[in-house]
Structures are given as structure tokens and as C-alpha cells.
Amino acid sequence: MDYQTSAILAKYPRGQSDCLIPILQDIQEEYGYLSETAVVEVGRHLDLPSSKIFGLATFYNQFRFEPRGRFHVSLCHGTSCNVAAAPEILRELEKILKIRPGETTRDGMFSLEILACMGACHLAPLIRVNDNYHTKLDPGSIGDIIDSYITGEE
Amino acid sequence: MIVKIEVNSKVIKAQKGETIMSALKANGIKIPSICSMKDFTPTGACRMCVVEVEGSQGLVPSCSQPVNEWMKIKTHSPQVIKARKTIVELLLSNHPDDCLYCVRNGSCELQALAEELNVRERRIMGRKNKYKLDHSSPSIVRDPSKCILCGRCVRVCDEKLSVFAIDFVNRGNRTIIGTAYNKDLNFSSCINCGQCIMVCPTAALFEKDSLPELEDALHNPEKTVLVQYAPSVGVTLAEEFGVKPGKDISGLINAVLKKIGFERIFDTSFAADISVMEMTSELLARKNKKENMPLLTSCCPAWVKYVEQLYPDLLPFLSNTKSPQQILGSVLKSYYPEISGIAAGSIYSVAVAPCTAKKFEAQREEMTKKGISEVDLVLTTRELAKLIKLYGIDMNQIEPEIADDPYGMRSSAGKLFGVSGGVTEAVIRTMPHVSGAREPSRVKYQELRGGKGKKEAEIRIGKTTYRFAVVSGLSNVLPLLEDIKAGKCEYDFVEVMACMGGCINGGGQPVGSDENAVKARMKALYSIDEREIIRFSHKNPKVNELYNNHLGGLPGEKCKSLFHTTYSARKVLL
Chain A
16 MDYQTSAILA KYPRGQSDCL IPILQDIQEE YGYLSETAVV EVGRHLDLPS
66 SKIFGLATFY NQFRFEPRGR FHVSLCHGTS CNVAAAPEIL RELEKILKIR
116 PGETTRDGMF SLEILACMGA CHLAPLIRVN DNYHTKLDPG SIGDIIDSYI
166 TGEE
Chain B
2 MIVKIEVNSK VIKAQKGETI MSALKANGIK IPSICSMKDF TPTGACRMCV
52 VEVEGSQGLV PSCSQPVNEW MKIKTHSPQV IKARKTIVEL LLSNHPDDCL
102 YCVRNGSCEL QALAEELNVR ERRIMGRKNK YKLDHSSPSI VRDPSKCILC
152 GRCVRVCDEK LSVFAIDFVN RGNRTIIGTA YNKDLNFSSC INCGQCIMVC
202 PTAALFEKDS LPELEDALHN PEKTVLVQYA PSVGVTLAEE FGVKPGKDIS
252 GLINAVLKKI GFERIFDTSF AADISVMEMT SELLARKNKK ENMPLLTSCC
302 PAWVKYVEQL YPDLLPFLSN TKSPQQILGS VLKSYYPEIS GIAAGSIYSV
352 AVAPCTAKKF EAQREEMTKK GISEVDLVLT TRELAKLIKL YGIDMNQIEP
402 EIADDPYGMR SSAGKLFGVS GGVTEAVIRT MPHVSGAREP SRVKYQELRG
452 GKGKKEAEIR IGKTTYRFAV VSGLSNVLPL LEDIKAGKCE YDFVEVMACM
502 GGCINGGGQP VGSDENAVKA RMKALYSIDE REIIRFSHKN PKVNELYNNH
552 LGGLPGEKCK SLFHTTYSAR KVLL
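Chains as they are written, first to last, in the numbering used here: chain A, 16 to 169; chain B, 2 to 575.
I should point out that these hints are in silico values taken from the structure, not numbers from a laboratory.
Cβ atoms here follow ideal geometry from the backbone N, Cα and C, with glycine treated the same way.
Be a bit skeptical, because a hint or two may be false.
Straight line, CA to CA, 25 Å or less: simulated DMTMM-like cross-link-like pairs of lysine to aspartate or glutamate [stated by the list, open to error]:
(1) B/Lys291 with B/Glu483
(2) B/Lys572 with A/Asp62
(3) B/Lys131 with A/Glu118
(4) A/Lys67 with B/Asp185
(5) B/Lys445 with B/Glu516
(6) B/Lys486 with A/Asp62
Some residues of chain B that are not near chain A, with every Cβ distance over 12 Å (derived) [to be verified]:
(7) Val54
(8) Pro79
(9) Val104
(10) Arg175
(11) Glu339
(12) Pro480
(13) Glu546
Bound-form chain B, shown alone (with noise of 0.2 Å):
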């Protein structure tokens, strides 16, 4: 039902029941706010969204208020300004000074409030906030010191992750973010996915920072720097730019990293053909033998974690193919460097990555050999932007190039694997080779596209139908594992992705990103495949020369050793 609501002296028309903030919104009237997001109950708690209403005492918070048919609303009013001035004012009262040191200088919500309600002077002195620096978690960064508790991390964590590793502790003016028993964050149930990070307003939560690292492998002549970058990195990394969500810059990535320094530029969907290749193979094995069903995938270390962590009784259950990151890393420090006449002690192997997860999953200690890891240092789509600025490189006068051989070609199904449900639909589309039957007429799979937390299909190859489900964002997949635990689950494949939307809305990509870039995102990656002439794992021929050339075939003892990997049940304080 349409209202009528009286807003600066106009007459504007909302949807009955819906906050005023939505309707001011959709006016074209933009109202700030902190605590509030999309798609989550309303808190209330920052007040920065308040308005004048007639007739109401005091100033009413515009995020949780419904509109009533003819209510009279000032959203600019002298008091409203001065009381969101004044809110701006307390909240910088006792946070650190250090804006031109700061990891979110120039990204920061509170310091563009502060610009944008013309806060020039520091009126209200407060103590400094000082607490220690968590860098306990190989991923994740906490500095309490600059967190204004307006909670949307730990909302993130419990509605969208169902993780609830973290939560207000204390009281009053000693009220922190914190997790049980105030541990550091490694030994809390943290899956290191960095939704928290993406929704958090200040640096209170950043990534763990592997610049400095990568600096000295980069200028230590004794190292070869190799570099594999993911699916979905290519359809994000311009934004960091200025460029509007939903550009393919793969090609300037090859560039810029060649001009950093890299030796060799290499596609982490190459691995994620792999990752196909293996995967089909143990889905049809453990469907023969009926055990094990449904296989859940596996290449999302934060979901991974949280099934050591409190679902330990279904690992037999996840796919033990390695990620495609890991994948790759094997390869170049197994293989490679027999073609490539590089020493294996001198490569030091980099992945960029949409995740900060990825940073946990690179050091596990399954992904390592003799003691030394698959993959050696892990950036986020952030960290690349950053380094790229760091070296001064103009990406509008670079000339695209194309990745190096053998593995930087990739079909697009790898591609995929950026976005919620691509794994699944490039599986579909090697399921037939695999297991010798014809293969269908179709190559998109429309079911399993689109924003949705869960999606499913059902699908007939050969004589035999198979039911998949793709999950995305970790809370839609409880009511399944509840169902396999019970023996109930009918899906014979099961992908998650522990963020909402898969790697394009990843912990390590572009903070700020709201809905509306996810899906530019999506429709990126959906488009190189509709664009690309390899579009089937394993039609890849770089694949089928590294099966048939060092492997042997598939899928063997050698791929067993390279591609596959083990979990197990993690202690952490639940």
C-alpha cells in the first residue's frame, strides 16, 4: 500500500511499513548512517540517521521507524544537523589521531562523515582509545583502538556466517568488539573470511599486510618470484581505480604484474580447470559407491575451517581436492620447475586472491611439503591496488598482455569459479567426459546463476540424474548439514562459498562494494564465458598436456599426491 509523507515541506510518496530511511532513499534523499545495512534488522544504534519528526519528542532514528500516512519529516533541519555533528564529534573524541597513517585513509566512513558535517575543530577531548593490536590470525587484523562499535561486523558474523566469533564485551565506556574470553582472534572460532573487514566503517578490521614480505622476495636476487592471480580478481581490481564495478581487466593485470617484477604471470582458473578435472572424478567415484554423498566441495578455506570446526563428523563428506590456489602452488614447486629450468629452492610462489582466507589457508600445514608451502604469500585484491599505486604505474597507459605459458591458459569454466554456482556449472560441464557419457546439448545453466543464497538443479548425465545445490553465505547452508547429518540430504553435490555471492563479494575485495557491484560482478564473469571459445575444463589443452605428459592420466597416484589433501577436526573455543 502507497502512503503520502510530508518530507521538507514536499509531498512524497512510500511504501507502507517500510523505514523512513528506505522511503527517503528511494526520494533521492540521502540520510547518513553507520550502523545500518542493507537486509539487516534495523539496531538503532549509531543515531546518525536521525530526523525531526512533528509531533514526536526528540529526534527520531529514520533506520528503524516506519512511515505513518502523512508524517511530517525535516531531514535538515538545524537540530538534526547539529545533533549528527555533534554524534561525529564524540565519535572522533577518543579515536586515535592518525588518519595520514591509517590503512582506510581516504576509504573511511567516519572520516568522510566528518567532512561531510564540517567537523573542524576538535570540541569535545576525550582519552585516546588504546588497546592492543590483535595480529594473532594469519588473515585478519583487529586494532580495538579504532573501532566505534557500531557493530555491523558482528552481524555480518552472526546472520549472513553463522560464525559468532565475536560479540560486544563489557559495558559502558569499556564496551569493546571482542571474542570469548577476549582471546586473540586465532583461537576463536574467526574462519578468517573477512566479511568483517568489508563492512566495517573505520580500521578497526583490516587485512593482515603482506607488502612488505613481497618486497623482499621481489628484490632478493636469489628468488624467482612467481604469480597466480583468481577468477575473480580480473572483475574487481579496476574499481580500486575509480572504475565503475563490472570491468574485465585481466589482460592489464598480466601487465602491471610483469611490470612490478613478477618472472612468471600465472591464472589460478588453469588450477581451477584441475580442480574440475579431480573433483568430477571423486563425485562419480563416491556416487558409484554410494558413500560419502553428497560431496561438498572444497575450495573455500573459511568454509573448510568451519567444518573442522564444528561440523567435524561431515569431513569424509567434504571433496579432498585441493583448492585451485594450492593446486597451482604444487605445481610450480613440483613440476614446473622440471619444464622451466628454474631451481625449485629459488621460486617464491604469490597468489593474489578476492579473500583474506586464502592468507590462512596458504600456511595450513597440509599445504606444505618438507616444511615448505605450496604457496608462499597470498595478497588480496586490496593489496594488489596497493602495490600497483606503490609502484607508480598508470593503469590507463598500459597495453593489456596475455598470462604466461603453460598455465596461464584457462577455459572459461575455471573462470567461473569466481562467482556462487560456477564451480558447480563447470563440474556439469566435464561430468560427461569424465564419465564417457554424451554430452548435454546445454552449457549454461540459468538454475544456478544469480544472487540467491541457494540454488539447486537437477541434471541427467548418461543414464544416471544428479541433484546439485549451490550455497553461498555460510547461515544457508545450516539447514543442510543438519540434513546430512541426519541422512536425509538428497543432493548428490553440494557447493558452498562462505560469502554471500561467492569470491566476487570476497573479503579481500574492494571495501565499500554494496549489492549492485556484486551483481556487475557476476554479470562480468557470465560474460567472458559467453564470450570464450574454450569453455570446458577439460578441453583446456594445457590441462590435458600436464595430465597426459607428467600424470599419467587421470586420476592416479601422482595426482593424489599434487592435488589432493586431508582436514581435520580443529579445537578452537566455540
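Only chain A is shown next, with the shape it has when bound in the complex (with noise of 0.2 Å):
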């Protein structure tokens, strides 16, 4: 187990279940996403299997099963945007990144996530990469968005 993940636990009781959503908040906090390991980890102190874990934190939006791309892609899905072009933006982002939100390319550069209200209505639709807004988007030019981060990286 490494540092961080045994200073996390170490602030809980063992075996104690109802303490699993702060705990997994708080890994997540960390390194950004649950990894296999940490899961297996918060199991073995709070005495819980790791299907069960995971179950649970599927249930809930927040948790991430894959670790960042250096580029965190978040597309705001709130009524607004929906109503203007958000289901087309995300298609757009699917079709370029080739991976689906949750995910993580493979070469780690993006990863792509929903939000449901960035409270930015008069914005709609928008996107956040890390902790740039690009907003009033047009589903056409997310491929530039994109293609100015990978070349900005080179």
C-alpha cells in the first residue's frame, strides 16, 4: 500500500462501512480517480469486498474508475446546454477522442467526463478542458478545440 493511501484510511475507524463514500472521496481527491488497488486497500480496512465497493460506486456520478488525462475534457449536460448542442457536443468528443465519458485515451492525453450544471446557463452550451472554459460552443470547432491542446503539448 503506498503513503497516501494508508494516511487517507489511517483517518478512519477499521471496519467501520458507513464510512466507504468519505473514504473513496478522499482517494479520489488524491490521485483523481479509484484504482484496483485502493479499492482492494479501503476493502481489506473497512472489512468489505471489492465487488461491493465498486458496485456502489458506480451507482453514484462522482467516482472514476480510470485516472485522468492530462487534459480533463468536462462537458456540462444541464438543461441549457442540453437544450442548445450538448448531446452533439458529446457525440463530437466520442468521435474525436474515441472513447466515452468515464474513459481515459489510451495514450493518457484526454479524459472525458459529464457534469450535470456548470451553472454557466447563459454560456450553453460549454465545455471545460482542465481549467479553461470554451463556451457558446458550435459542435463544429471542438475539433480544434482539441487539435490546440495536442499541438500545444508538442
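Dock the two chains into a complex; use the hints.
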């Protein structure tokens, strides 16, 4: 077990399964996702099988099971964005990145996530890439945005 | 306390605190249900069992609602029927339409419900489920497309086996039953026992089909196909042909297998007799040396895998005697060619087992010699029934035959391996013989019989008293394992079977069998024992012949390489 996981687990009493969600949140905060090894460690700490932890964690949208990419793309899927072009943008993103929400590209460059609402309805539809916001998007411009990050990296 | 309730304008009596469903069942009123299982806490998930209760808002799930005095219930009102029918229609709306090609065609609960509720048109159109088939396990195939999310597999895996291999994954209409990290079953903590198959209402879970491979072997002129069948198969196969549970048709099985084209028919119970001899000497040797006590039995491959995964520290406690299937397998590929003249290379060894985990066991690396498996193929009881139907054999028109020489001969002690407690009883019967003590006067050990999860006995053999425990249903073994770990266990011998009641309730047995069926099978095995002349493993003449002519007595180096094995810790996602 690595140092951070054990430090997180040390904050919670052993065998107390109602701490599960706070522990998972702490781990995701630290690593950006829930790794297999971390889940097994949590299971050992709380005396829970990993299938049960995975079952619970997949119930919630907030947990990821793959590491984030260098560029983490969040798509707002609130009502306004949805009425604007969010579904088309999602399709576009999936086509270009060849991943689905919750996944990470094989080269580790991009990961994709859907957020319920970012609260910026007047700027709909919008995506966030790491800390940059791209607003009032046109689905056709997604390719250029993604390209700009790839060239920026090179 | 008895309370009165009114059902369909008729007064009936019910126990206070029992559920509406069980009260109705006791009074002969059948309520359809999918998710409810006897002896499990109700989940009320499927809503098939809804009834109308006067004064309640909406319909009430009868599986989880307790009765109240003078409750007024309508079980088949138009509203109730409409609700149930709609549920079935909804379940069918995303279900693959391939009943004709489905392994459970004819034994599917969803199909039966659609028929029962007179569903005659597709009223609700949904997008069909399409998930990939999980073929990874040597024993069990998962088809999530056919899953109706009743959760029975999850509960049996959790509550009866304590394996926790699967759970509900994701949410809402994306929910599926899956393993941790959606791994294939082979990488999960699944022990291949197949109890999930036994409770699955549809074909979302079924055993790996071995029939095509078998047919290839049967029609290959270069292969000599030998077959052995397990003790419990004889008392369960008849059910697949519509016979009431509890009928022994071992004689017919011999005849049928011959008809199908198997070259020689042997009885796994013969190898069970050998296993008794080996295990008994192992027990006595360990008791003398006072090391690694208690001896944990190793006939159940699901249980062995469980220990390898979860309790690797306890591996030295497992008996290193192979299971009867593998013992006979190794005899058939080593000694049998010498006495029969059949070339060892041409032998194709098949086993019929009540179990899906046996498929896994047959391909364990430890069960091979120079890359050749001791047992090439394992069929479940269900697959044997399919094979018989495939070959168009009319079970009513054949005469029973006896199994082939020499490994068709068995004692009834070996036959008892099919039932939880039987292994222990067989070992107790043989212990005086191996230890040189006087034989005790009784043959029957009533305290080790019956359907309880844990049974125990204290028996004096010679000058020593031995304590035996028998556990079936893996959940029941956990306290014992913790005791052993803490060094507090006082037993000398612990028999463990993963399935509740032993192999007669194994994961390869006919689906849809209930508690009464298991009881009837149990009774059938014990009555075979009552009627038998040879009731001790060490009195099986063919076993003695094998030991004397080939193995040079007991226990020798030769026995070790043929009948014993090793285990190792197994890394899976726990």
C-alpha cells in the first residue's frame, strides 16, 4: 500500500463501513480516480469485498475508475446546454477522442466526463478543459479545440 | 399466534408476523414472483407478487409485507393482473427475442410467466439489451443481455457462499450484474460453484457447453472415450426426464452411456473409496504427529479455490488427497492402459459431475501430467440429459446395466460422497480398519445426516476420540476458519462442501429444484446405502486389488504421485 492511501485510511476507524463514501472521495481527491489496488485496500480496511465497493461506487456519477488524462474535458449537460447543442458536442467529443464519458484515451492525453450543470447557462453550451472554459460552442469547433491542446503540448 | 385474514372474500388463518405470500402459499394460493427466494430476506424488487390490500395506497408486494389481523386481500383482481402483466411486458421489452435458441427454452421463469399471464403481443418496444458474453470462466458463462436484474445470483453468492463475486453495477437503466471493475468472471473471486446458475430465472447464467467437444471425441476413431459419473448424478438425472426427485437410475445411466458410444462406463464412487483410504491415512498420520489439525477435506473444488483465494494461510490444513474425479482420471491415464491394453495416448477421459466447479478442477495445472489432463472433459448432470435427448434415447425403453469392470465396482460409502456428511461417514467407517482398532458396532451416523448447515459428531476409535464437523454452504464455514486461524479449533476432521446439502444440490444439477427435491435425493442416497452389501470403502474388492497389485499397499510413493496434489495461493480481485 502506498503512503497516501494508508494516510487516508488511518483517518477512519477499521471495519466501519459507513465511512466508505468519504474514504472513496478522499482517494479520488488524491489520485483523481479509484484504482483497483486502492479499492482492495479500502476493502481490507472496512472488511468489504471489492465487488460491493465497486457496485456502490458505480452508482454515483462522481467516481472515476480510470486515471484522468493530461487534459480533462468536462462537458456540461445541464438543461440549457442540453437544449443548446450538448448532445451533439458529446457525440463529437466521443468521435474525436474515441472514448466515452468516464474513460481516458490510451495515450493518457484526454479524459472525458459529463457534469450535471456548471451553472453557466448564459454561456451554453460549454466545456471545460482542465481550468479553461470554452463557451457558446458550435459542435463543428470541437475538433479545433482538441487540436489546440495537442499542438500546445508538442 | 394465529391471525385471521380475508383473501378473495374468504377467511383464512395465518401466523402472525409471516409475509402475505407465505400465508397464501400455505393456503394453496400461488402468487407469481421472480426475486423472492425461500430462506432469504425479501427484497421486494421485482414487484411480480403484488396484491391488493384494502386501505393501502397502491399495490403491496406480498413477499415482504407481513400479515395483519383482518387484512383484506385480493390476489387476482383486474388491477393486480394488469400490474403483473405490465411488469412482464416491461421485462420483455429489452429482452433478446431468441427463446428458440436459448439454453433455458422450456425452463425459463420469464417465459413461464409470460405464458401464465397470457402475454400475446409486444406492446412495449424497448431497445434490446446487448452486452458481450463473458466466456472467460471454465465453468460459467454470463450473458448480461438476458439478465432481468432480480438479484438472486447476487444474494446466493453473498448469503449462502460468502464469495461476493458479483453485485449490481451502475445505476438506472444502465444497471447490470457484474464483478469488481467489470472484470471477466475468471479474474473475480468466483469459485465456480454454479449456485448462481441454479437460482437464475433466465439464461443470464449457464454452464460452459462441453457437448460439441464431446461429440468430436466420440466420433474420432483415434480416441477411446471413457466415462465416469459422480455419486449424486444417479439420483438426480431422472428429474430431467420428468420423474419425481429421489429416484436412483444408476443402472439406466450405465446403459444409456454405453448406447451413446462411450467405450467404458466407470463409477466415480469407486475413486471415492480410494479417496476415503487416502484421506483416512492422512488423518491418522496428522493426528499422531499433532500437526495441521483439523484436516479439511478437499473433494469440493469450489471450496478448495475459496481457501486458495481467501485463506492461503490455511492451505496446509487442506487434505492433499485429490478429489474422486481426479483420482479416477489419473488411474485411467496411468494404470488402466497397462491392464486394458488401450493405448494411453488414445484415452479421452470424460466425467459427469453434479458440479460446474469440476470443469474448472479438471483443467487445473496440478491435475495434468506432462501437459496432459487427467480428465479431459466434464459434463454436468444437465448436459448429460441434453446429450441423452440429442441421441434420441427413450429412457423408458432401456434396461439397466452394470458399470464396467474394474472401476464400476463401488462400496456404498463411496456413493455417500454425493451428500453433505457422506464423506465423513465413509471415513469414520474406514478409520478402524486403517488404524488397526476394533470396528465400532454402528455403521450409520445419524448425527452427520440431514440438511443442517453444520453437523458434528464425537466418535471413539480405538483409544482415541475424534471430533468431526460437517459443513455445507460456504457461509457456514467462516466461523470455523476464523477459529482455526486463532488456533482455537477443536475438531480433527472438517468436511466442507460449497453447496448447501452437498453435491446433490450442486451447481450442475437440474435447475428449478427446491428444498424437498434435495431432501428426496438425500433419502435416495441413504437408502442405496441401506440396501448395499459392501458398505465400507476398504471392503471394495477392486480397491484392494488396485492397492495390492499396483500400488504396493498404503500409503506408498506411488499413491502419492497418483492420488495426491498440491495447492497454492491464488491472486484474484477479492
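**Index of numbered hints that the structure contradicts, given in increasing order** = 10
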